[in-house]
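Enquirer: Next come the chains, spelled out residue by residue.
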Amino acid sequence: MTHAQTDTASADQPVTVGAGREKLDLWICWWVLPVFYTFFGLIFVLLAHVMPPPSPELSVSQILAFFHAHGTTIKVGFALLMGVIGLGSISNGLVAYQMKRMSVRPVFAYGYIATLAVGAIPGCLFCAIFFLVAVFRPDRNPHLIALSYDTALLTFVGSLGCFLANYCVFTLAVLLDKNRVFPRWLGYMGVWQIITELLAAPVFIFKKGPFAWNGAIAFYEGTVIFVVFLTCLILQVRKAIGNQPADELVPD
Amino acid sequence: MLQDVAPSPATARAGRLLGDLNVWIFVLGDLVFFGAYFVIFMVYRHQETAVFLASQRHLSLIAGALNTMVLLTSSRFVALAVQAARRGESERARRLISYGGLFGVAFVAIKAFEWAHEIGHGFTLVRNDFFMFYFMLTGVHLFHVLLGLVILVVANRELRSPERCRSWIVESGAAYWHMVDLLWVVIFALLYLVR
Amino acid sequence: MLPPASDPSRGDRPTFDAQSVSLWLAVVFGVFLLIAFILFPGFFPPMSPGMSASEVTKFYVRHSTMIRTSMIIFNLCGIMLLPFFMVIVYQMKRMATPTQVLGYCYLSAAATGATLFAIADLFWLIAAFRPDRDPQLIMLLNDLAWITFTAPVGMIIAQNLCLGLAVLLDSQPRPIFPRWVAYFSFGVALVMAPSVCAAVVQSGPLAWNGLVSFWLRIISYALFLVVMFFVLQSAIKRQRKEQPVSAITPGAVAAAR
Chain W
3 MTHAQTDTAS ADQPVTVGAG REKLDLWICW WVLPVFYTFF GLIFVLLAHV MPPPSPELSV
63 SQILAFFHAH GTTIKVGFAL LMGVIGLGSI SNGLVAYQMK RMSVRPVFAY GYIATLAVGA
123 IPGCLFCAIF FLVAVFRPDR NPHLIALSYD TALLTFVGSL GCFLANYCVF TLAVLLDKNR
183 VFPRWLGYMG VWQIITELLA APVFIFKKGP FAWNGAIAFY EGTVIFVVFL TCLILQVRKA
243 IGNQPADELV PD
Chain S
140 MLQDVAPSPA TARAGRLLGD LNVWIFVLGD LVFFGAYFVI FMVYRHQETA VFLASQRHLS
200 LIAGALNTMV LLTSSRFVAL AVQAARRGES ERARRLISYG GLFGVAFVAI KAFEWAHEIG
260 HGFTLVRNDF FMFYFMLTGV HLFHVLLGLV ILVVANRELR SPERCRSWIV ESGAAYWHMV
320 DLLWVVIFAL LYLVR
Chain G
-13 MLPPASDPSR GDRPTFDAQS VSLWLAVVFG VFLLIAFILF PGFFPPMSPG MSASEVTKFY
47 VRHSTMIRTS MIIFNLCGIM LLPFFMVIVY QMKRMATPTQ VLGYCYLSAA ATGATLFAIA
107 DLFWLIAAFR PDRDPQLIML LNDLAWITFT APVGMIIAQN LCLGLAVLLD SQPRPIFPRW
167 VAYFSFGVAL VMAPSVCAAV VQSGPLAWNG LVSFWLRIIS YALFLVVMFF VLQSAIKRQR
227 KEQPVSAITP GAVAAAR
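Going line by line, the protein sequences match chains W, S and G.
Read in the working numbering, the first sequence has 35 at position 33, and its numbers run on one by one without any break.
Read in the working numbering, the second sequence has 199 at position 60, and its numbers run on one by one without any break.
Read in the working numbering, the third sequence has 102 at position 116, and its numbers run on one by one without any break.
Same shape as in the complex, but just chain W (with noise of 0.2 Å):
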């Protein structure tokens, strides 16, 4: 199949034709991770006011006023996010791409998906979720307003088994490819992402202190890491993509 059988004329051409177009899915797949990632900073930081986190300790009270405050933003903020959630889904299936180059068996680019496709819902979308619902009815029982900012920054900050699985996927098979599609240094930060994951673990627990989920450990140092991590990630899979033979074939 050449790119010269495809100047038949046909009513179905192709979009593009030629050299331009190779890698073309990938190479749009990769955008998606610094335009998704660029949203989800404005909206979790920025709009909804979730990075950094008010406070565990806030009154019923303090807590309606937060959200009084903000409401506008996190309404705004979070509806886009129910539109451009999806983008993360699209990165995630291209590091799981990248994980079928590797010499380990397919079931790592498995896990990788099945973890962060479970994930995402308890650990990115409860949270705008339940902000959403806190914002909904000003005149909702206060209680049942503040179980919601509970359960949406819980949900958020604290660890999630999926993710843990997930790093644990990512970091056994970086480390075990023997074709190198990425560095060994990844891999091994996948180790750090595990170990913030068991720094969040007490987010459950500590209300105030370094644990909670506005905590110096828990929250802060933990997201350095993980932009730390994501930022690599992203300039990884950009490498492995030009590293890419435009004619391999990645076994199914």
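Honestly, I wouldn't trust all of these hints.
Below, computed lysine-lysine pairings styled on BS3-like, alpha-carbon distance capped at 27 Å [stated by the list, open to error]:
1) G/Lys79 / G/Lys223
2) G/Lys227 / G/Lys79
3) W/Lys241 / W/Lys180
4) W/Lys102 / W/Lys180
5) W/Lys102 / G/Lys79
6) G/Lys79 / W/Lys25
7) W/Lys25 / W/Lys209
8) W/Lys241 / G/Lys223
9) G/Lys227 / W/Lys180
10) W/Lys210 / W/Lys25
Far from chain W, some chain G residues (derived; all Cβ distances over 12 Å) [stated by the list, open to error]:
11) Phe18
12) Lys44
13) Asn61
14) Pro117
15) Gly190
16) Leu209
Derived from the structure by calculation, the hints contain no laboratory data.
Where is the CB? At the ideal position from N, CA and C, for every residue including glycine.
Once you've looked at the hints, dock chains S and G against the given chain W.
Expert: Frame of chain W; chains S and G shown alone:
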């Protein structure tokens, strides 16, 4: 602890960095992050010095000192193993790594004992800030030790066939284990010793 | 050299029956889904976000049995559409796109989307479980159900973007899906996108019971599923014709790999 032995003729990468650059990045990064945890610990300690001092007395200095000796000995064995491996003495190296691993297991056992003892006396994660840090720091360190044991097993297996042995795995594993040891020494000093 | 769609090394042949079964499973369960959809008292007409807590509670009390019956069916059948989506993924992988990445992206989005559907159903069921619960709690659960059901269209949007892109980049002389499927997918995604506003407005066409977020969205998605059924049917038929059964043996598959 970190023996800067001149590369033996057996290794093709004469004059290059001991172990693997990737692992060094990991080790240094880990030290930086742990450093941040230690700084945060010191900040909280400064704010609640009395509570921290009082709680510290409930820690078993013996267990802590024992653990320190155990881990240092373990590190020594692993360092000797690396030397033996570089000289091509795979069998000896494997034995030494096993001893190192055994001492590592001893560390875990002592730690488990210690935790059980403390929890039995009512000193749990939520008792106060000191014990929160104590369990979290030693817990994360314990995770590093368990991971290190896995790495030692991998290094051991690597040495099984000297011709195909990837020396960087052995050396990197040793570097990681030394880092774990170093972290413990700092934890021991901060949690058990500093008055 | 891009791998042709009917490359024996892809091991295409053995999965025809699985595809047909998946498609027809979708039809069977789709019918049940439609019945449950019609039966759920909260859909015809769709409940208004403006209802007060006591009105919502009365609704759950009055229609308790019907809500639970229809939602249980809805819940059980909704996820059975997943094999249908997997057939789409499989056909996407047969397309002569530069690489196979889009199938994995589609898979990822489909898995999350299906889970969200299940969670929304569960919220309705929990709300209906104890009608004598505090009305504020019932309303909270009802809100959660509706927002989870209506707002996160991002998954479907991502799926349709991946599908459309794959169709456009399919560079065979006879692409697996006709080109209009791409534009149709994009169109459906565009039409469904405004539903995100259901999470923030309480009345009007964008509310979760509104013309856009409810009717337009559900009708266009149902249309999409029906159209894709026929598109998949014809793609599978063509696949059967183009790949004679005897041409491929497991040995050839292994050797070609």
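Enquirer: Please check whether the beta-carbon of proline 117 of chain G is more than 12 Å away from every beta-carbon in chain W.
Expert: The claim stands: proline 117 of chain G keeps its Cβ more than 12 Å from every Cβ of chain W (closest is about 18 Å).
Enquirer: For a C-alpha distance cap of 27 Å, please report whether lysine 25 of chain W and lysine 209 of chain W respect it.
Expert: 49 Å, violated
Enquirer: Please verify whether lysine 79 of chain G and lysine 223 of chain G have alpha carbons no more than 27 Å apart.
Expert: The hint holds at about 17 Å.
Enquirer: Compare the distance between the alpha carbons of lysine 227 of chain G and lysine 79 of chain G with 27 Å, and conclude whether the hinted pair is satisfied.
Expert: Holds: lysine 227 of chain G and lysine 79 of chain G sit about 18 Å apart, inside 27 Å.
Enquirer: Would the least Cβ to Cβ distance between lysine 44 of chain G and chain W come out above 12 Å?
Expert: Consistent with the label, lysine 44 of chain G stays out of reach of chain W, its closest Cβ about 18 Å off (over 12 Å).
Enquirer: Is it true that the CA of lysine 241 of chain W sits at most 27 Å from the CA of lysine 223 of chain G?
Expert: Violated. Lysine 241 of chain W to lysine 223 of chain G sits at ~40 Å, over the 27 Å cutoff.
Enquirer: Is the straight-line distance between the alpha-carbon of lysine 79 of chain G and that of lysine 25 of chain W 27 Å or less?
Expert: 15 Å, holds
Enquirer: Would the non-interface assignment of phenylalanine 18 of chain G survive a Cβ cutoff of 12 Å against chain W?
Expert: Since the minimum Cβ distance to chain W is about 25 Å, phenylalanine 18 of chain G lies beyond 12 Å and the statement holds.
Enquirer: Are the Cα atoms of lysine 241 of chain W and lysine 180 of chain W separated by 27 Å or less?
Expert: 17 Å, holds
Enquirer: Is the Cβ of asparagine 61 of chain G more than 12 Å away from each Cβ in chain W?
Expert: Fine: 16 Å to the nearest Cβ keeps asparagine 61 of chain G off the interface.
Enquirer: Run the C-beta distances from glycine 190 of chain G to all of chain W and say if the shortest one exceeds 12 Å.
Expert: 14 Å, holds
Enquirer: Compute the least Cβ-Cβ separation between leucine 209 of chain G and chain W, then decide whether it is above 12 Å.
Expert: With a cut-off of 12 Å, leucine 209 of chain G remains clear of chain W, as the shortest Cβ separation is near 20 Å.
In terms of the numbered hints stated before, the structure departs from hints 7, 8, 9 and 10, listed from lowest to highest.
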